[in-house]
Amino acid sequence: MNADSPLRSGLTLAGIAVLGVALLTGIHHLTRERIAAQQRDAVAMRLSQVLAPDRYDNDLLHDVIQVTDPETFGHPGPATVYRARRDGQPVAVVMEVTAPNGYNGPIRMLVGILADGSISGVRVVSHRETPGLGDPIEARRSDWITRFEGRSLRDPTPEGWAVRRDGGEFDQFTGATITPRAVVEAVQRALEYHRAHLDALYARQSADEQSTDE
Amino acid sequence: MSEHRTPLGDIFTEAAWRQNTGLVVLLGLCPLLAVSGTVVNGLGLGLATTFVLLVSNLSVSLLRKTLRPEIRIPAFVLIIASAVTAIDLLMQAWFHDLYGVLGIFIPLIVTNCAIIGRAEAFAARNPPMAAAVDGLGTGLGFCLALVLLGALRELAGHGTLLAGADMMFGEWARSLELTLVPNHPGFLLAILPPGAFIGLGLLIAARNAIIARGERRAKAGSPRVTAPVARGESA
Ligand SMILES: Cc1cc2nc3c(=O)[nH]c(=O)nc-3n(C[C@H](O)[C@H](O)[C@H](O)COP(=O)(O)O)c2cc1C
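If you read the protein sequences in the order shown, they are chains A and B. Just remember that this note's numbering sits 18 ahead of the position in the first sequence, which is counted from 1. Just remember that this note's numbering sits 15 ahead of the position in the second sequence, which is counted from 1.
If we strip away everything but chain A, and leave its shape as in the complex, we get (with noise of 0.2 Å):
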């Protein structure tokens, strides 16, 4: 074959997308466990953090279904919910909530619930809200995010599910209302999805078939 020819170009390009492809075909295998399990332990960690594991017994991780509502979860799609039991008791819920409205965008996050309507815990998941302004709304920035954990649709009343600005209950932040005004805008609408499908939630058939396969 001659030196110059494209074909020889054309030939070693290939080689090289050859290798690369077998090369990242062998680390793909070697970390695709790994992946896996550390997604599994974050998204397992995060739950912790929104109801104790020791409050249920059954596997919550695989207890879940999805359900579309956008005006509650924030955003046209499906939303997860995982279900907590306890010999096969109702125990709570932990919803994949959206808060639509923060400042720079979408604000992702855990709502647990227990069975009696009260708050779990609540954790952000993710934002892009401004950092020293809006993401006191982490719990590794400030604990004003632990301030639902107990509260219900009584407590406080409809008035005072809001940011304090807004007459109610909630702090804001110095130079930032909107982003803890959408934090519990979401929250309470959790809680009303909540008290309206309470039965329903529970009820339903595990969706979790997508999830398993692995």
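The set of hints was computed from the structure by calculation and includes no laboratory data. Don't be surprised by glycine CBs; every beta carbon is placed ideally from N, CA and C. One or more of the hints may lead you astray.
As the list claims (entries may be wrong) - If we take Cβ atoms under 8 Å as the criterion, some of the chain B residues that face chain A in the derived model are:
{"id": "1", "residue": "LEU93"}
{"id": "2", "residue": "SER97"}
{"id": "3", "residue": "ALA224"}
Stated by the list, open to error - A short, non-exhaustive set of chain B residues, derived as facing chain A with CB atoms under 8 Å:
{"id": "4", "residue": "LEU104"}
{"id": "5", "residue": "HIS111"}
{"id": "6", "residue": "LEU204"}
{"id": "7", "residue": "PRO208"}
Given the structure of chain A, go ahead and fit chain B with the ligand onto it with the hints provided.
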């Protein structure tokens, strides 16, 4: 550029300091400005970039006799993309928390033109050992710029240093976090993008001052080749 005979130490200082990507050549500014909010973020991205530079320089140098001019750019792109994907997977597996923070910037290492720049300007013309040293030097130089800028912004913006070190080194590293200014109210300008530009300007000025002082000393003593100062158009 450097000849085959250039001592490896000189190649390293040339790449890491005299031609520092972040502070002199001013390549790869997008990640430099975007990920330098804290020391740990800067260090994470800097080390990832160093790894990619090392692998891509080494591979390009090993293949330099096979790569004819017309295909060398696509070949560089293939090599760099493979290296970046590899580090993306490895980070997901072993530094999952840090990956959560840096995640979107890792694939963007591909677009750091410093990498293809070193492949073209150095690795394609030099033997593997020299290319590897150049990659390491360029990467560590970039990492240095990221860490310095991260330190500057973290200190001014949050009053801390090394916050979140546990994401990179595990639980024990939580104790590495230094709170140098307790109850710091937060300085937004340093945290937001404009702070990155201002900080980078200060770092470049500091580096130029060091170089200028070196030159004055050199003038007083024996004449020496001087290092270039930042101009920004040398790439
Ligand atoms: C650069 C910049 C970033 C801001 N980021 C936030 C934020 O993340 N969250 C927030 O609630 N307010 C943020 N604010 C402030 C809001 O614009 C608004 O002034 C603040 O929420 C106070 O609202 P209020 O006047 O209704 O109390 C930011 C302002 C600026 C200039």
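Structure-based check of each hint:
Hint on LEU93 (chain B) holds. Least Cβ distance to chain A is approximately 5 Å, under the 8 Å limit. At its closest, the beta carbon of SER97 (chain B) sits 4 Å from a beta carbon of chain A; the interface hint therefore holds under the 8 Å criterion. Annotation: interface hint on ALA224 (chain B) violated; nearest CB of chain A at approximately 30 Å, more than 8 Å. Evaluation of the LEU104 (chain B) hint against chain A yields a held restraint, the C-beta minimum of about 5 Å falling below 8 Å.
The interface hint given for HIS111 (chain B) holds, since its Cβ lies 4 Å from the closest Cβ of chain A, which is under the 8 Å cut-off. The criterion of a C-beta within 8 Å of any C-beta in chain A is not met by LEU204 (chain B), whose closest approach is roughly 10 Å, and the hint is violated. The criterion of a C-beta within 8 Å of any C-beta in chain A is not met by PRO208 (chain B), whose closest approach is roughly 11 Å, and the hint is violated.
Hint compliance for this structure: hints 3, 6, 7 are not met, and every other hint is.
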